[in-house]
Structure formats: structure tokens, C-alpha cells
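Construct the entire structure; sequences and hints are all you get.
Chain order of the listed sequences is A and X.
To convert, count from 1 in the first sequence and add 1; that's my numbering.
To convert, count from 1 in the second sequence and add 109; that's my numbering.
Think of the hints as simulated: they come from the structure by calculation, not from any bench.
Values in this document were obtained by computation on a predicted structure and should not be read as measured data.
Okay, the calculated bits of chain X under chain A, using three or more residues with CB under 8 Å as the criterion:
| no. | segment |
| --- | --- |
| 1 | 262-272 |
| 2 | 277-283 |
| 3 | 317-324 |
Label-pair distances were calculated between CB atoms; the ranges are:
| no. | chain 1 | residue 1 | chain 2 | residue 2 | range |
| --- | --- | --- | --- | --- | --- |
| 4 | X | A143 | A | A13 | 56 to 66 Å |
| 5 | X | D177 | A | D154 | 13 to 23 Å |
| 6 | X | L201 | A | L240 | 41 to 51 Å |
| 7 | X | R266 | A | L233 | 18 to 28 Å |
Covered by chain X, according to a simulated footprint, are these stretches of chain A (three or more residues, beta-carbon under 8 Å):
| no. | segment |
| --- | --- |
| 8 | 130-141 |
| 9 | 144-156 |
Note that CB positions come from ideal geometry on N, CA and C, so glycine has one too.
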Amino acid sequence: MPKQASRWQFLANPGRFLRVTRWLLPALSVAALLVLAVGAVWGLAYSPPDWQQGETVRIMYVHVPMAWLAMGGYSGLVLLSVLGLVWKHPLADVAARELSPIGALATGLCLLTGSLWGRPMWGTWWVWDARLTSVLVLFFLWVGHAALTRAFDDPDRGARMGAILALVGAVNVPIVKFSVDWWNTLHQPASVARLAAPGLHQDILYPLLVNGLGFSLAFAALALAATRAGLLERRLRALQLAAARRADVA
Amino acid sequence: MTAFLAVLGRELRLALRHPADALAAVLFFLLVSALFPFGVGPAPETLARLAPGALLAASLLAALLPLDRLWGAEAEDGSLDLLLLSGLHPALIALAKATGHWLTTGLPLILATPLAAAMLNLPTEAWGVAMLALGLASLILSLLGTAGAALTLGARRGGVLLPLLVLPLAIPAVIFGAAAIEATTTDSSARPMLLLLGALAALALPLAPVAAGAALRGE
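Here it is in C-alpha cells:
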């Protein structure tokens with residue numbers, strides 16, 4: 002087998018995935034907790050308040066990582082959907098199905114923290130700004146994916162339908178990303194990953210990056226744990242079906 | 110092409126023999142439009158201000174109604190399997206279905222638009238643009254809805270899932286459609302909004318049937 006293919010397929014085997022994640026999952030969880038603890042203390046106690054926004058700027062340490070995860074997670078869902086649709090990859094199906102509630106949680110928290118931040122800064126909980134609207138659509142896509150993949154008696158059919166929905170919904174990803182550039186409304190344009198003049202002072206940027214890493218680790222740990230549980234659930238179901246069939250014969 | 114026209118003709122014949130289904134959608138559209146004056150009060154200026162969005166929202170909800178059973182009956186009696194075996198590409202079957210849905214639901218809604226517009230006190234000069242905007246928006250919904258109905262075919266609670274999947278994707282159609290009607294009432298040009306709406310329809314026209322076809326092949 003060519004080396005590229007073997008690396009590509011390394012985690013494709015559900016048994017191997019379960020073995021690897023048995024130690025990877027606790028390691029990730031501990032790392033996530035540690036980084037998040039550092040990030041929380043740094044962000045809440047040691048980073049300076051903004052000269053205009055005061056203490057509310059600290060909402061950013063949750064809001065921005067959640068927005069990254071909502072978008073990055075959806076890109077991951079699209080990738081898993083392609084793997085599931087094209088290569089009929091059973092592990093990708095399970096992972097996609099288990100990813101959507103976590104993605105919905107991240108997107109929901111992004112909207113919630115944004116709303117809490119918008120009240121003191123913009124003077125309103127919600128505006129129909131292009132960025133807010135497109136993220137709301139993203140949230141509905143996550144929820145719709147979670148509901149659709151679970152709505153069929155045959156899990157394979159649910160996975161297929163969910164994958165098609167995820168690919169259709171992929172048109173929304175660039176809209177979310179570029180909405181702040183295309184429509185000049187209330188939400189500010191991208192200010193972290195900017196090559197020219199830095200948008201954030203490093204006293205704020207570094208705790209943000211630490212929190213971003215911490216939440217990403219936590220997201221990955223949650224996704225792995227849910228995928229493990231989903232795999233075990235499938236295995237249990239297969240065993241129960243086999244047992245029922247044996248009892249039927251006997 | 111003949112096969113495509115045969116499927117489309119079958120859709121239209123079926124709709125003609127049960128005209129109550131299309132009429133129900135139109136009545137629903139008019140009823141929802143009639144609810145707004147009760148909700149916000151019958152002041153003509155308030156209603157006219159509200160009319161563009163209300164018309165769009167009511168028409169999309171009405172067009173959703175028949176989608177619930179779009180594939181259901183055929184999946185149950187097996188004719189969907191025969192259609193899929195006919196050699197016609199599943200995406201083209203979906204396109205025929207979407208066209209049929211638009212002709213039997215979208216078109217009657219366009220014809221009923223002046224009536225609803227009058228109830229909502231929309232200025233007469235905006236009626237033409239309103240019909241055009243509703244026509245394009247309902248075309249987008251027919252295409253998205255055909256894909257959504259194919260995705261939820263055989264699902265538990267499919268009837269609840271379908272609007273949850275389709276309506277978020279239809280938000281742009283509501284935004285640009287309502288903006289086009291509103292532009293006419295405020296003496297600015299509706300053209301850019303209608304062009305954007307047309308662009309959305311042109312985007313959905315090839316993509317949605319492909320998604321629907323992929324979902325049907327999963328049968």
C-alpha cells in the first residue's frame with residue numbers, strides 16, 4: 002500500500018480510532034482544561050480593559066473563539082460530508098452526525114455572547130446586520146443537520162441526507178466570512194488576522210489566542226468523545242440486532 | 110427531453126385533477142395576508158410599510174404547504190422507483206418536480222398577489238414589481254423546497270423538518286424581494302434588487318435539483 006494512502010486511512014478503521022482516542026481524548030481534555038484555565042485568568046484578570054469598551058471587551062475572549070469554531074467546525078463538517086458521500090466512509094458519517102450538536106452549541110454561544118456584547122456596545126441585543134443574519138443561518142444549518150441525521154430509522158440514510166444538506170449549506174460559509182466586507186453594516190470587519198496594521202494590541206491579542214487554542218482543544222475533545230460514543234452506540238446496536246436475530250432463529 | 114416533459118406533464122395533470130391543493134395554498138396566502146391588518150391595526154400607512162415583507166413571508170409559507178407531500182405519495186405507491194428506473198437523471202426528475210410545483214403553486218400565488226396587495230394597502234404602482242418579485246422568490250423556494258422534500262423523504266417528523274431546512278436558506282429571497290417592492294414605493298429603482306433575486310434563482314436552478322437528485326438516489 003502506498004504510504005500516502007496508509008496515512009490517509011490511518012484513522013479510517015473504527016477499531017483503531019477507538020484505540021488511538023482512548024489516550025488521545027484524556028490528553029486533549031487535560032490540555033484543554035489547562036489552556037482554558039490560563040486563558041481565563043489571563044483574559045479576566047491580567048489583560049487590560051479597553052479604553053472605550055471598558056471591561057465588556059472581555060466578552061471577546063469567548064465570542065471570537067466561538068465564531069472561529071462555528072466556521073471552522075462547519076468547514077470540518079463539509080469535509081466529513083465529502084468523505085462520507087464520496088468514499089462511503091462509515092467513521093466520517095458517525096463523526097459528522099456527532100459534530101453537529103457541538104457545532105450548534107458553538108454557534109449558539111457565539112450568537113449569545115455577541116448579543117450580550119451588543120447590548121452595552123451597540124445599544125441593542127440584536128440587529129439584522131449581514132454578519133448576524135448569516136451566522137443565524139449557520140446556526141439553523143447546524144440544528145437542521147443535527148435533526149436531519151437523526152430523523153431516519155436507517156442511520157446510513159440519515160448520514161447521506163445530512164451530508165447533502167451540509168454541502169448545500171456550504172454556500173453560506175463564504176457569505177459569513179465576507180459579509181462584513183460586502184455589506185458595511187454594524188459588525189466590525191476582521192481585525193485579528195490582518196497582515197497590515199495590527200488590529201489588536203498584543204496585551205489583548207495574546208490572551209485571545211490562548212483562549213482560542215483552549216476552546217479549540219475543548220471542541221476537539223468534545224467532538225472526539227461524541228464520536229467515540231457514537232461508534233460504541235453503533236456497535237452496541239449491531240450486537241443487539243445480531244442477538245435478536247439469533248434468538249429469532251432459536 | 111421527452112421524458113422530462115412527460116414527468117412535468119404528469120405533474121400538471123395530477124394538479125389539474127386535484128385543483129383543491131393549489132387553491133388551498135392560495136387561500137392560505139390570502140388568509141395570512143389578512144392576518145397582518147388584525148395584528149398591526151388597519152392604519153393604511155402602517156400596512157403599506159409592512160406590505161412588502163408580509164407579502165414575501167406569506168407567499169413563501171404558502172408555497173411550503175404542498176412540499177410536505179411532494180414525493181411522499183410516489184414513494185409510497187412505488188411510482189418513484191419506476192421514475193428512478195426510467196433512465197431520466199434523478200436531478201432532471203427533481204427539476205421537473207420543481208417546475209411542476211412552481212407552475213401549480215407559484216403561478217397561482219402570483220395571480221393572487223394583487224388581491225393580497227390590495228388588502229395590505231400596497232400602492233398600485235408597486236403591484237407589477239410585487240408580482241415579479243413573488244414570482245422569482247417562489248421559484249427559488251420551489252427549487253430549494255424540492256431538494257428539502259427529497260432530503261426529508263422518509264424521515265420521522267419530516268413535515269416539521271422541511272421548513273426548518275428550507276426557510277433559513279430562503280432568507281436572501283425575502284430580503285431582496287421585499288427590498289425590490291419597497292424600492293418601488295419609495296421612488297427608487299427596483300432593478301438591482303430584482304437582478305439579485307434573479308441571480309439567486311439562477312444559482313438555485315442548477316444546484317438544488319442536483320442536491321435533490323443525490324438525495325433521491327439514496328432511496
